[in-house]
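Q: Listed here are the chains, written in short residue letters.
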Amino acid sequence: MGSKTATEAQKYVWEGAIPLQIHLHESEVTTLPPPSPALILAPRIGYLPLLVPQIKPFFSSTLPPGSDTVWFEYQGLPLKWYIPTGVLYDLLCAEPERPWNLTVHFRGYPGNILTPCEGEDSVKWSFINSLKEAAYIVNGNCKNVMNMSQSDQSELWRSVLNGNLEAYIRVSSKLKLGLGGDDFSIKLNTSSLKYRQSAADAEASATIKAGRIPIRLYVRRVNEDFDDVEDAPLVDNWDKVSYINHPVEIHDNGKCFTLGDAVKALLPELFPDKSLPNDSMSLPQVEDGEGSALEEASDTGRARSPEDTGESVRECQDSCSLSETADVKLIRIQGIEPKLEIPFAWVVNNLMNPEHFLHISVYVRVQEPITV
Amino acid sequence: MATLSNQGKIDISCWDGTISQHEFHTAASAFAERWNKFNAALPQCSWVARPISPYLSSTSKDEGYLSVENVIMFPTPAAESCYGGDDKEGEEELSCSRSQEDDFIDGATMLQNHDDASHHYDFHVVYNASYRVPVLYFRAYCSDGRTLVLDDVEKSIPAISAKLLMLSKWTFITQEDHPYLNCPWYTLHPCGTSEWMKMLFSHEPAVDDGGVAVAKYLVSWFSVAGQVFGLKIPFEMLSSIGN
Chain X
0 MGSKTATEAQ
10 KYVWEGAIPL
20 QIHLHESEVT
30 TLPPPSPALI
40 LAPRIGYLPL
50 LVPQIKPFFS
60 STLPPGSDTV
70 WFEYQGLPLK
80 WYIPTGVLYD
90 LLCAEPERPW
100 NLTVHFRGYP
110 GNILTPCEGE
120 DSVKWSFINS
130 LKEAAYIVNG
140 NCKNVMNMSQ
150 SDQSELWRSV
160 LNGNLEAYIR
170 VSSKLKLGLG
180 GDDFSIKLNT
190 SSLKYRQSAA
200 DAEASATIKA
210 GRIPIRLYVR
220 RVNEDFDDVE
230 DAPLVDNWDK
240 VSYINHPVEI
250 HDNGKCFTLG
260 DAVKALLPEL
270 FPDKSLPNDS
280 MSLPQVEDGE
290 GSALEEASDT
300 GRARSPEDTG
310 ESVRECQDSC
320 SLSETADVKL
330 IRIQGIEPKL
340 EIPFAWVVNN
350 LMNPEHFLHI
360 SVYVRVQEPI
370 TV
Chain L
0 MATLSNQGKI
10 DISCWDGTIS
20 QHEFHTAASA
30 FAERWNKFNA
40 ALPQCSWVAR
50 PISPYLSSTS
60 KDEGYLSVEN
70 VIMFPTPAAE
80 SCYGGDDKEG
90 EEELSCSRSQ
100 EDDFIDGATM
110 LQNHDDASHH
120 YDFHVVYNAS
130 YRVPVLYFRA
140 YCSDGRTLVL
150 DDVEKSIPAI
160 SAKLLMLSKW
170 TFITQEDHPY
180 LNCPWYTLHP
190 CGTSEWMKML
200 FSHEPAVDDG
210 GVAVAKYLVS
220 WFSVAGQVFG
230 LKIPFEMLSS
240 IGN
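Each protein sequence line maps, in turn, to chains X and L. Residue numbering for the first sequence follows numbering that gives the first Met the number 0, starting at 0 and increasing by one per position. Residue numbering for the second sequence follows numbering that gives the first Met the number 0, starting at 0 and increasing by one per position.
Certain hints may be false.
Unchecked claim - In silico contact screen, one side only, chain X against chain L (beta carbon under 10 Å); selected entries: (1) Tyr81; (2) Ser125; (3) Lys131.
Unchecked claim - Capping the alpha-carbon separation at 27 Å, the derived lysine-lysine pairs in DSSO-like fashion look like this: (4) Lys173(X) x Lys123(X); (5) Lys328(X) x Lys239(X); (6) Lys197(L) x Lys142(X); (7) Lys55(X) x Lys142(X); (8) Lys338(X) x Lys10(X); (9) Lys197(L) x Lys175(X).
Said to hold, decoys possible - Computed footprint of chain X on chain L; a stretch qualifies when at least three of its residues, placed anywhere within it, have a C-beta under 8 Å from a C-beta of chain X: (10) 119-132; (11) 177-191.
If you're looking for bench data, these hints aren't it; they were derived computationally from the structure. Remember, it's a predicted structure, so these values are computed and weren't measured experimentally. Where a beta carbon is used, it is the ideal one built from N, C-alpha and C, also for glycine.
Assemble the whole structure, with the sequences as input and the hints as a guide.
A: Given below as structure tokens:
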């Protein structure tokens with residue numbers, strides 16, 4: 000197979016970093032004056048626990064006795080270590096905060112909120128398990144990951160640790176995670192090139208082969224009607240974030256599949272035109288359920304008005320008004336807010352994380368949330 | 000890719016061992032009904048639906064999980080050997096309790112087993128959209144509510160499972176965030192499930208109208224997954240599902 004080279008966008012993604020200002024939690028300060036915060040550039044595609052070797056020297060002389068159980072929090076919210084650092088930043092800082100002020104703890108691990116983390120090993124295995132999951136989604140099995148040699152596995156992990164994109168591509172290409180293999184890669188590269196020339200040309204050529212794409216969606220719910228994202232209230236617990244780990248299934252219908260189509264497939268209620276029959280645009284199925292669109296609209300109507308037995312017109316009204324109670328304020332991937340019209344093939348090829356998942360942060364404005 | 004089920008049946012001739020969310024819901028209803036009918040000795044099984052929210056409602060009718068909670072198990076009787084003369088009696092009693100799976104605890108037994116009180120398990124069966132298979136989530140705690148760590152879990156599961164756990168620490172049982180409850184739960188890793196389900200169903204007797212009932216999927220799945228915890232299912236749970 001021909002060797003694949005990195006696209007310009009991939010290089011930017013791999014070099015992406017977030018300036019962190021890390022403070023030691025006051026309950027763990029045993030000296031006066033308290034230690035100065037640690038200033039660190041954290042790779043977007045990396046994970047917070049991997050920064051501990053750099054952080055520890057700043058604080059070791061002031062820690063109380065005991066063994067380390069390191070965890071991070073932002074404004075009181077314990078941070079899930081298995082989510083890439085860049086995704087946490089995109090999701091939790093509505094208005095990018097530079098530097099991002101985090102608090103580190105070396106004691107008192109909140110085991111009821113965070114899964115255990117035993118340093119680099121835990122992060123590595125979380126990464127490998129995600130890679131297996133992605134391989135299963137794309138290929139229908141994870142044999143290529145399971146059969147990776149020890150040296151390839153180590154090299155792959157080191158490439159992520161060191162931010163070495165060339166080494167990563169060399170090893171990961173053996174996993175054959177592109178849709179349709181070379182054909183997909185070539186088509187994607189063509190798509191990338193054409194996108195620079197003309198959006199119309201990109202639309203014409205950026206068809207994507209049928210298959211499933213690994214996606215992790217983080218939907219943040221904000222209750223107030225805020226005009227500036229700056230006014231978004233803080234996330235104080237993880238129940239305010241819906242985590243949707245669900246692949247997007249693409250059907251080969253010759254149409255250009257856009258980023259908007261992908262998000263619509265996972266969050267159909269947030270796109271009002273779904274309630275209007277439109278045969279010219281067929282939405283990919285999120286599930287194989289046999290419920291018809293009308294039935295779904297009807298169910299939605301019933302969910303809002305249990306006593307309603309109205310006609311289809313009324314059901315359509317209910318469906319539309321439901322859409323008006325929630326709408327998308329923001330969609331972020333790798334720190335940028337791409338237009339929904341961008342061909343999904345380009346987004347996938349250029350903005351994916353090394354474990355082969357596309358992480359998308361979505362801000363949803365919700366008025367009067369429905370409680371049942 | 001998963002084959003669309005026709006009339007609630009899986010065409011096993013070209014099947015990859017996976018099911019859709021909708022099929023999972025169908026199989027879960029059948030499982031809960033039969034569990035509650037034929038497994039009276041164990042706690043009830045119920046379906047917990049996903050709470051409705053403004054932007055997730057289109058799929059909520061099928062989304063949710065199966066729940067069986069407060070299943071009581073006892074640590075392996077190795078600990079009993081500390082009590083010397085009571086060794087035989089202790090083993091016998093534990094064996095009897097386990098086979099009956101009731102939660103009666105003799106006061107004398109409780110005193111003896113102060114450090115190894117009964118272990119309580121909550122089991123949830125959740126559909127995994129990536130692997131398109133059910134996944135078993137569980138948590139374990141003592142009768143006083145204290146959460147058990149993995150080393151403690153190891154003491155109340157069959158020896159062969161404990162050995163597997165030791166050999167493949169990172170891939171057999173891991174802690175993950177529960178998809179609905181947003182906090183850490185233990186889970187059996189699902190990456191091999193579709194392959195052994197495919198194998199399991201390939202041994203089903205062929206049926207003229209082509210296919211095995213979707214309702215059978217979860218019962219068959221649990222006959223394997225439940226063994227990790229020494230939980231066997233009554234034969235009636237399988238035989239009562241017609242093709």
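Q: Which hint numbers does the structure go against, in order from smallest to largest?
A: Per hint list: single violation, 7.
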